[in-house]
Each structure stands twice: as C-alpha cells, then as structure tokens.
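2 protein chains.
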Amino acid sequence: MLSKNELKQIRQLASKKYRSKTGLFVAEGIKVVREFCDSGWNPQAVYSVNDLDFVSFTKVDQATLDQITHFSTASSVLAVFKLPEQKEYSSDEFSVALDSISDPGNLGTIIRLCDWFGIKNIICSHDTVDCFNPKVVQSTMGSIARIKCYYCDLEAFLKNHAAPVYGACLEGTSFYTQDFDAKGVLVMGSESHGISPEIKKLLSEKITIPAASDGPHAESLNVAMATAIILGEIYRP
Amino acid sequence: MLSKNELKQIRQLASKKYRSKTGLFVAEGIKVVREFCDSGWNPQAVYSVNDLDFVSFTKVDQATLDQITHFSTASSVLAVFKLPEQKEYSSDEFSVALDSISDPGNLGTIIRLCDWFGIKNIICSHDTVDCFNPKVVQSTMGSIARIKCYYCDLEAFLKNHAAPVYGACLEGTSFYTQDFDAKGVLVMGSESHGISPEIKKLLSEKITIPAASDGPHAESLNVAMATAIILGEIYRP
Chain H
1 MLSKNELKQI
11 RQLASKKYRS
21 KTGLFVAEGI
31 KVVREFCDSG
41 WNPQAVYSVN
51 DLDFVSFTKV
61 DQATLDQITH
71 FSTASSVLAV
81 FKLPEQKEYS
91 SDEFSVALDS
101 ISDPGNLGTI
111 IRLCDWFGIK
121 NIICSHDTVD
131 CFNPKVVQST
141 MGSIARIKCY
151 YCDLEAFLKN
161 HAAPVYGACL
171 EGTSFYTQDF
181 DAKGVLVMGS
191 ESHGISPEIK
201 KLLSEKITIP
211 AASDGPHAES
221 LNVAMATAII
231 LGEIYRP
Chain V
238 MLSKNELKQI
248 RQLASKKYRS
258 KTGLFVAEGI
268 KVVREFCDSG
278 WNPQAVYSVN
288 DLDFVSFTKV
298 DQATLDQITH
308 FSTASSVLAV
318 FKLPEQKEYS
328 SDEFSVALDS
338 ISDPGNLGTI
348 IRLCDWFGIK
358 NIICSHDTVD
368 CFNPKVVQST
378 MGSIARIKCY
388 YCDLEAFLKN
398 HAAPVYGACL
408 EGTSFYTQDF
418 DAKGVLVMGS
428 ESHGISPEIK
438 KLLSEKITIP
448 AASDGPHAES
458 LNVAMATAII
468 LGEIYRP
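Taken in order, these protein sequences are the chains called H and V. Each residue of the first sequence is one higher than the last, beginning at 1 in this note's numbering. Each residue of the second sequence is one higher than the last, beginning at 238 in this note's numbering.
Isolated chain H, as found in the complex (with noise of 0.2 angstroms):
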C-alpha cells in the first residue's frame, strides 16, 4: 500500500522541474521496465500487478496503478529510476543532434531508431522536449534505457566540433548522392520550423530527401520519419 504522499510523489514526475529536483523517473509497462533492468539500470521502486522474475517489486492493486501512471491507461508495471548523471559529451561515432524537437513522439521514435542502427549519443538542444518526459520514454520502447541523450547549446556544441555536420533541410542537395563522415552529426530540425537559422549557418552539408517529380506531393516529412530514411542510407553497408 502506497501511502497518499508516495502516490503524490510518483505522479509529480511527470513534470521535468519534479524530475530534475527529486532526480528520478518513471517508466511504464513490463516492456520498458524489463529493457531497463537488462540494461543494468537499477530501479528505486517497482510497483506491479502480477509477479516479476527479473526485478524486486512491491506487489499492488491495479487501482493503485491507475493513480499513479502517467497514462490515461495504466499499464500492470510502473518504475522509478535514478536519472542518469549529465555528463560531457565526448565520442568520435557518428551522432545525431536535434534542433528544437517538440513532439515527445518523435523523439521517442528517433532514439528508436537511433537504437536500431547502433547510434548511441544524441545531442539535443536546451529546447527539445526531456527524453525522461514519460511519452518520451513509453514511445521509445526501452531504447532510451541504451541511448545517451545530452542536453546542449546546439550552436555552442556544433561551432566547437570538429566532424562534418549534415542537416536535413527541405532545399539541400540528394543525400544519396552525400558521403557520411563517420564521425559525423546529422542535425534534424523542428517540427514547424526545421532547421534554426543560426544552426543552419554551422552547417557543412545541407541535405535533402527528393519527392515524387511527378505531380503535387506532400510538402514535408515528419522528422521521425526523414530521420529514418536518412538513417537508414548512411548505415547502407
């Protein structure tokens, strides 16, 4: 039984400023919390329904899911973890830098992907939604328990790197005509605005994703998505 002022607690984490106080998170559904636990993350509490064989937990009524989820539908699993320490960023492996990015549901698809194609450090600037943001976290299916988000000045970060940086921008050239540094960093814009101005001055290639030629075609990507396709020619072996 939780009590009143540990319910409180739990769904004050859906705030970030909670968050970066109490310096913990929440994960939801046995998917999420398992990819976190196989990933050596050590939770704080684990709240459940029904039995676990991977993790200690505290065993509750679905109803006290109900109070404490982040979810209009509560899942029968729900984690608190510690946040990850801030540290520099320092690799030379090809990134992913994100200006601007709103949408919980797109950057949970991109660390996703990102994931997927064994990308492990995505630069983000001040302004891109928290990637312990709850929709963040459920949307990401657990990758986010293996990828490193680091929250930056976008512009200080890409004046002081060295690497080509590439952006996805709608008036670019083919980027299946681009090369792709291995070291290099693929900026990917805002949703209603792509790419910032000052950003775009950084860049040492603007790449594009040709449309249909023929007749009128959608006028944009989603970023997730632009994402996608663009990752998935630069890790074309």
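Simulated from the structure, these hints should not be mistaken for lab results. It cannot be assumed that every hint is accurate.
[As the list claims (entries may be wrong)] Restraint-style ranges between C-beta atoms, simulated for each label pair: (1) H:53 - V:241: 55 to 61 angstroms; (2) H:42 - V:323: 32 to 38 angstroms; (3) V:304 - H:127: 31 to 37 angstroms; (4) V:310 - H:66: 21 to 27 angstroms.
[As the list claims (entries may be wrong)] Partial selection, computed: residues in chain V whose CB lies under 8 angstroms from chain H: (5) 353; (6) 378; (7) 448; (8) 451; (9) 454; (10) 455; (11) 458.
Since the structure is predicted, the reported quantities are computational estimates derived from the model, not experimental observations. Backbone N, C-alpha and C fix where the C-beta goes; we use that ideal spot for every residue, glycine too.
Given the coordinates of chain H, assemble chain V onto it according to the supplied hints.
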C-alpha cells in the same frame, strides 16, 4: 448557426459506421482542408472561424467548432466531404499493401510517405483502420486527398496479383541487396504481429532492415519507420 441535428450528425462522423451510412467524412484544420480543395475535392460544407479565400464557407464561432470537432482541441476550420467511390484496383505501378495496421497515426504516416515518394495506391486488408478515420485524415496532413486506399481481402488480392510481392519481416534477407520490381507490392504487417501467416505464404521475397551488429539494440522498428526506410531504398535513383 448550426442546428442541434447538424451538430450531432457531424460529431457522429467520428464513427466508421456512420461515415459508411452517410457517405461523408470530416477533415479539420486549414492545411488539410486546403489540400483537399486544391486536389479537386468539393466540400459539402465548410465551417470556419476566419475568412477563407479558397472555398465558400459558413462562418461560425469557435464555440461551435468546439462542439463538432473530433479532437480534444478544435482547429479553426472543419469541412465535410463525400467519401470517394470505391473502385476496383487497377494499376501496374509500385504499391504498398497493409496487413492489419490498426493505429491511425501509423496509417496516416504511411499515406504521407507514399505521397512523398509518388506511390498513388495503398491496398489495405479489411481490418486495417479506416483511412477516413479523423485521426488518420489529420496525420496524413492532407496527403490522403491524393492517395487511393483500396480495402479488400488482402489474401485474395495477392493471390491474383502477377507482380512480385515483397514483405518486411524480421527474418528476411537484407533489403539493401534486393532489386525491387517497378510493378511490385511492398507488404507491411501489423504493429503487434507483423505479416500474418496466410499473407507470408504469398510473399515472393521476405526482406528485413538489418540492425546494428554490435551489442543489444531495439527489438523492432515501428511499422511506419520501417516503411520509410524501405521506401527510401526503393526510390534510390
């Protein structure tokens, strides 16, 4: 001013049954409504808070739109269109076939992707979510105005289809090495179970998107992302 009956009828168009009965569907938001009009669709009614220069409309206040919207937040425009006539599929262009896609956002995204790459026809199993579901219409961002979705018995359709049938599976050969026939069909399976066993038997080629080979990675890709990556390869010049 809309009558109580009119308000009710528009709200009821959220259900597929009522759309079939009346032969009508709803599109919301200036961008989506404009795309339909630009593509030659003739609205039965347009309700707008602001003046529109591309179509005749009935001026209403926001409170009225709040009453008829199919979303939690209303746009400033809502239009009612006639469902297109269902014709027999007859095309020898490359097409996409969907086997039991249930998420409206996934179908909407796939329609938008097809529109981007110039694919004009999508063949949908009967249990795929209806393409005139308000959430699908919305997430296509207007692309549904240009794409035809054919709902049919997918198994029977593929049995009678002469061109090669490619299916995205977790256990296929790398899609990077596949030659795609210009008259072929790409089958994408459901979010939870992939391509069903009956449909798998009818595939000419099982293809897969290779994941990173070093260490653990995401177990799967979302169906819309997988479609994006494969179409990116098929339309590689």
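Give me the numbers of the hints this structure contradicts, sorted from smallest to largest.
2
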